[in-house]
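Undergrad: Each chain, letter by letter, is given below.
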Amino acid sequence: MSLLASAPALPLHKAGPYVAAAYIVFVALILVYVAIMAYRLTRTERDLAQLKRDALSRRADAEPERDRETVA
Amino acid sequence: MTSLGATRPIAGGTLTTYGRGLRGLTLATIATITAALTLVFFYAPLDSDQGFVQKIFYIHVPLAIVSLCGFVIGGLLAIAHLRTGDRKWDMRSYVAIHMSLIFSVGGLITGAIWAKASWGHWWVWSDPTLVSYLIVVLLFATYQPLRFSIEDPERQARYASVFAIVAGAFVPLNFIAVRLSQGLVHPRILTLSGGRLPGPMRLTFVISLLGIALLFATLWLYELNAKNTRIQLRRLRRELLGADAVRPLGRSAAPS
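For the protein sequence lines, the chains are D and E, in the order given.
5 is the number of the first residue of the first sequence in this note's numbering; add one for each residue after it.
585 is the number of the first residue of the second sequence in this note's numbering; add one for each residue after it.
Any given hint could be a false lead.
Residues from chain E shown here face chain D by an in silico Cβ test under 7 Å; the list is partial [stated by the list, open to error]:
(1) Gly-635
(2) Val-637
(3) Lys-639
(4) Val-645
(5) Gly-690
(6) Leu-692
(7) Thr-694
(8) Trp-707
(9) Ala-810
(10) Ile-815
(11) Arg-821
(12) Arg-822
(13) Leu-824
(14) Leu-825
If we take Cβ atoms under 8 Å as the criterion, some of the chain E residues that face chain D in the derived model are [unchecked claim]:
(15) Phe-636
(16) Thr-813
(17) Ala-829
Some chain E residues flagged as far from chain D (calculated, every beta-carbon gap over 12 Å) [as the list claims (entries may be wrong)]:
(18) Gly-608
(19) Gly-691
(20) Gly-834
Treat the hints as calculated values from the structure; they're not laboratory data.
All of these numbers come straight from a predicted model, not from anything done at the bench.
C-beta: ideal position from N, C-alpha, C; glycine also.
All chains, please: the whole structure from these sequences, using the hints.
TA: Right under this line is the structure:
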């Protein structure tokens, strides 16, 4: 309690930067988190596109074989 | 479990999704946080003792409370994992603890800034509230290395759940011990008998707390959705192209 009593309220021009810093830390944390999630989402989209390409090329490879079997 | 995510049957199994309700929750979070910030800077009166610097209270305390609740929720979800053996509960527990760690870092930094402005020190080691909160955060900071140290996914999930339950139970015990302690530097603002906050400050605090809690829920669901999508994509690749087409995951702290 003695610590609190010895620390009077800061005037506005001195308290402002502290308050701003606290809220900026909060916003920065959220922004960093969202940026990391956005990067991961991009990676997921890239993997999805790769999967689509792989699936289509596999289907394209399988179709001529099926055609040959039908003719035979 | 429609409140946490929808599980619907599909050919050859079930599919859990977390996207439902995410947009509404996001909008509610944005609205609540905007309202909270408006109340903090344009409605709540200046504190007669601390002045303008007391505005940090409306971000620091909700971050600390929500992070502690998140740790407890992580423990409860881990109980569900051990009871059911379903790995989706491990994933939910993991994400809850992960989010809580991020929020607790926010709580620690904003608290240090407030302490410097108010007490003239970044940290006061003699204050039980500060030190006990740091102990809880450091305890949960070992959760990810614990997971990373176990390669087998089943064992990793089980051991991590046991840890989450024990550490989650430590949070309320720690809180009670701090409340019972004497010689506090930290002021006791919130008490069961009504506390010492005047009406406008109390309303602002409640809205801020609600906003931070909604933010936690939104980000929790968002991360669950992202992780679940990656897992489903991997399974789909294995189903379509065979096991050889899937790269080995390697060691990871995250559930797979």
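Undergrad: Take the hints in turn and mark each one as holding or not.
TA: We went through each hint and held it up to the structure:
A hinted interface residue such as Gly-635 of chain E counts as satisfied when its beta carbon comes closer than 7 Å to some beta carbon of chain D; here the least separation is about 4 Å, so the hint holds. Satisfaction of the interface hint for Val-637 of chain E is found here, the shortest Cβ-Cβ separation to chain D being roughly 4 Å, below the 7 Å cut-off. With 7 Å as the threshold, the beta carbon of Lys-639 of chain E comes within range of chain D, its nearest partner Cβ sitting at about 5 Å, so the hint holds. Taking 7 Å as the C-beta cut-off, the interface hint given for Val-645 of chain E is violated, the closest approach to chain D being about 11 Å.
With a cut of 7 Å, the hint placing Gly-690 of chain E at the interface with chain D holds, because the nearest CB-to-CB distance is about 5 Å. Interface restraint check for Leu-692 of chain E: the shortest CB-CB distance to chain D comes to about 10 Å, outside 7 Å, so the restraint is violated. Hint on Thr-694 of chain E holds. Least Cβ distance to chain D is approximately 4 Å, under the 7 Å limit. Violation of the interface hint for Trp-707 of chain E is found here, the shortest Cβ-Cβ separation to chain D being roughly 12 Å, above the 7 Å cut-off.
Interface restraint check: Ala-810 of chain E against chain D, minimum CB-CB distance 6 Å, threshold 7 Å, status holds. A cut of 7 Å between beta carbons decides the hint on Ile-815 of chain E: the least distance to chain D is about 10 Å, and the hint is violated. Taken as an interface hint, Arg-821 of chain E checks out: its beta carbon lies about 5 Å from the nearest beta carbon of chain D, inside 7 Å. Interface hint status for Arg-822 of chain E: violated, as the beta-carbon distance to the closest one in chain D is roughly 10 Å, over 7 Å.
With a least beta-carbon distance of about 5 Å to chain D, the hint placing Leu-824 of chain E at the interface is held under the 7 Å criterion. Proximity of Leu-825 of chain E to chain D holds as hinted, the smallest CB-CB distance being about 6 Å (cut-off 7 Å). With 8 Å as the threshold, the beta carbon of Phe-636 of chain E comes within range of chain D, its nearest partner Cβ sitting at about 4 Å, so the hint holds. The criterion of a C-beta within 8 Å of any C-beta in chain D is met by Thr-813 of chain E, whose closest approach is roughly 6 Å, and the hint holds.
Satisfaction of the interface hint for Ala-829 of chain E is found here, the shortest Cβ-Cβ separation to chain D being roughly 7 Å, below the 8 Å cut-off. For Gly-608 of chain E, the non-interface assignment is confirmed: its Cβ lies about 18 Å from the closest Cβ of chain D, beyond the 12 Å cut-off. Against chain D, the non-interface label of Gly-691 of chain E is violated: not every CB pair exceeds 12 Å, the least being about 10 Å. Here Gly-834 of chain E stays apart from chain D, with its beta-carbon at least about 15 Å from theirs, past the 12 Å limit.
Taken one by one, the earlier hints fail for this structure at numbers 4, 6, 8, 10, 12 and 19, listed in ascending order.
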